[in-house]
Amino acid sequence: MESRFLVLFLIATLAAGAGGCARQRTVAAGDAGNPPVIEPEVDRREIEQSRIDTEDFEVGIYAGQLSVEDFGVNNVLGGHFAYHISEGFFVDLSAGKSDTERTSFERLSGAAQLLTDDEREYSYYNLSLGYNVLPGEGFVGENRAINTAIYVIGGVGKTDFAGDDRFTLNLGVGIRIMPLDWLAVHADFRDHIYDIDLLGQEKTAHNLEARVGVSFFF
Amino acid sequence: MRVGASIVIAGLCLLSLQGRAQEQHPEVTIQDPFIELHTGPGRGYPIFHVAERGENIEVLRRRTDWFQVRVARGEEGWVPLEQMARTLDTDGEAFDVPGSTLEDYTARRWEAGFMYGDFGGANMISAYGGFGLSENLQLELSVGQALGRFSDSVMASLSLTHLMFPDKRWTPLFTLGAGRIETSPKATLVGTVDRSDTMAHAGFGVRSYLARRFVFRAEYKSYVVFTSRDDNEEIGEWKAGFSFFF
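In order, the protein sequences belong to chains B and S. According to my numbering, the residues represented by the first sequence are 10 to 227, in order. According to my numbering, the residues represented by the second sequence are 68 to 313, in order.
Next comes chain S alone, as it looks inside the complex:
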């Protein structure tokens, strides 16, 4: 119930944010012979209005690579990024739209992604967030859950990833990190207890810039779990997934 209430409150907060966002909008001047206003933020939505060169338009909001604009006559429609990039802002400069080219990818600071794979025979789901320390070095925090036949694990780790060619479409990567892993055996097994251990890992992989804000990433990691038993446990993991950058 409390969760429900907080969700509703969060929703109301969002509503108030929406209200505030409508106060003032940046304006741009059309530079192309004309721009086309679509009824929705997508290629297939029909064009219902055309605004000519020199006309001022208000930019209301952006969704993915589409901009909702209002023309002088009051009509509101959606314009693709390619056309917005050829308009001028109030200073007469080209309207600069970030986040959609290989250059933006190279200059990225934050990224987040999801991966799926195999962790010593168990299904592995993980999510990570990365922050670029330099062009080559990235600090990453990842959380994951491995779901196996005999046991489940939850893990969190901090790692440092080195990208060999950060400005190329394809780059090999090397990663080194440490964290905690918590393992709980299946309820159907008897005489087992939950364990919480420290682990360290090293790995290599590859990442590729696909398009827009999409990045593909695949990697292999070798884990050493420092158990309280006589032997340390070694686990191999491979996974692949997508990430996007901001």
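Bound conformation, chain B alone:
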């Protein structure tokens, strides 16, 4: 008899325990469903990151003088787009346009025309890799320092002149002066080199360009 009571008591205890456990689980599940009293701090790093203004791109315009071998020195106008990969290296896409004048031969002979007006238009684009060899500072008066950089640049591209597209190498050196953190003033010297057989014999032409420009970082 006693043992039967004991068994019943044990069963009752077990049942109560199991029930209690079940209730515990229900409470835990309920907690998960309801909003917690204290909100955990959410991770906002992504937002922080995107709020930083990354300024690796540069876009600008320039104007200058372009000496086209045999065709005089003429005004050149162009634009460029650059991407700064590291503090040293940048890639630059430039495109420019110029109208060339008549050669000395054409002027002296009077009537002879080597090129049509269309062919006389000189346009180019090039893709170059630049390196800031001498980054530094320029001092304006006593209290102001402006960041500068002297860079070397070289690349390949195309010149459309005298009725044909010509593969063109370009080499140059330039200086970038930054009066503001997002504004740059450039002065550039470039040599555009291509082969041309317009005057009977194929030769390598060097077209020197001197230009100044302004650009924005964004």
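Don't read these hints as lab results, they were simulated from the structure. Some clues are possibly wrong.
25 Å max Cα-Cα, derived SDA-like pairs, lysine to any residue [said to hold, decoys possible]:
id, chain 1, residue 1, chain 2, residue 2
1, S, 253, B, 202
2, S, 253, B, 126
3, S, 253, B, 121
4, S, 253, B, 204
5, S, 253, B, 98
6, S, 235, B, 98
7, B, 212, S, 185
8, S, 253, B, 173
9, S, 253, B, 169
10, S, 253, B, 124
11, B, 212, S, 215
12, B, 212, B, 172
13, S, 253, B, 108
14, S, 253, S, 184
15, B, 212, S, 216
16, B, 106, B, 130
17, S, 253, B, 136
18, B, 212, S, 252
The hints should help you fit chain S onto chain B, whose structure is shown.
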């Protein structure tokens, strides 16, 4: 003239963007014993100010691997990425700077690059942009210009590139694609006409992660140009170049 005007307008738009960007800047707390403020975004620029641990600094802008910050006293200077990586953001988490490690390279989504080489004897200049479909597969759009002795070509093609080991520094790659090629013979040649043809290409190459955001890439491609003549034209191309990822 119109081009000039639109460039000026674009410039003004950029100026207004600059103005807007100055509204609010994220803040970080210095974790190193101190950080050094340089006068410019480069190793050589002199250090003119030092901010101590625990100080809050505002991050104004980033240029390549340099951050322009403003300290509590109002001084503005440039801090290298290595030091910024050891600061804490407002949540007390380490300030995470993306885009400069092999892991970032593996996780990249977008990349763009330029290549130069030889296209059947002509000088080849090309640019491409790639989008990662998966770790191994990349969809690429490339445009190129071949400048030769007798003719010039402009081409555009879409290709699928497979990288064998995308998480390794070096990986072989295989590429397959199709596009259009437009060929115009030199003006000095007579009796020729411009042609526009469809082409397909297959190739192999190698790419290597160099440092930071730089990637080197070299490849050989074999082109078949489906001409309107009796025979298709086969052209071999090799080129090498650099790309960078975002």
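Comparing the hints with the structure gives:
1. S:253 with B:202: holds (19 Å)
2. S:253 with B:126: holds (18 Å)
3. S:253 with B:121: Distance of about 23 Å is within 25 Å: holds.
4. S:253 with B:204: holds (13 Å)
5. S:253 with B:98: Since the Cα atoms of residue 253 of chain S and residue 98 of chain B sit roughly 36 Å apart, the hinted pair is violated (cutoff 25 Å).
6. S:235 with B:98: holds (24 Å)
7. B:212 with S:185: Distance of about 21 Å is within 25 Å: holds.
8. S:253 with B:173: Cα-Cα ~6 Å, so holds.
9. S:253 with B:169: Distance of about 12 Å is within 25 Å: holds.
10. S:253 with B:124: It holds: about 15 Å lies between the C-alpha atoms, which stays within 25 Å.
11. B:212 with S:215: holds (16 Å)
12. B:212 with B:172: Since the Cα atoms of residue 212 of chain B and residue 172 of chain B sit roughly 17 Å apart, the hinted pair holds (cutoff 25 Å).
13. S:253 with B:108: Holds, at about 21 Å.
14. S:253 with S:184: holds (20 Å)
15. B:212 with S:216: holds (13 Å)
16. B:106 with B:130: It holds: about 8 Å lies between the C-alpha atoms, which stays within 25 Å.
17. S:253 with B:136: Answer holds: residue 253 of chain S to residue 136 of chain B is near 23 Å, not above 25 Å.
18. B:212 with S:252: holds (20 Å)
Checked against the numbered hints above, the structure violates only hint 5.
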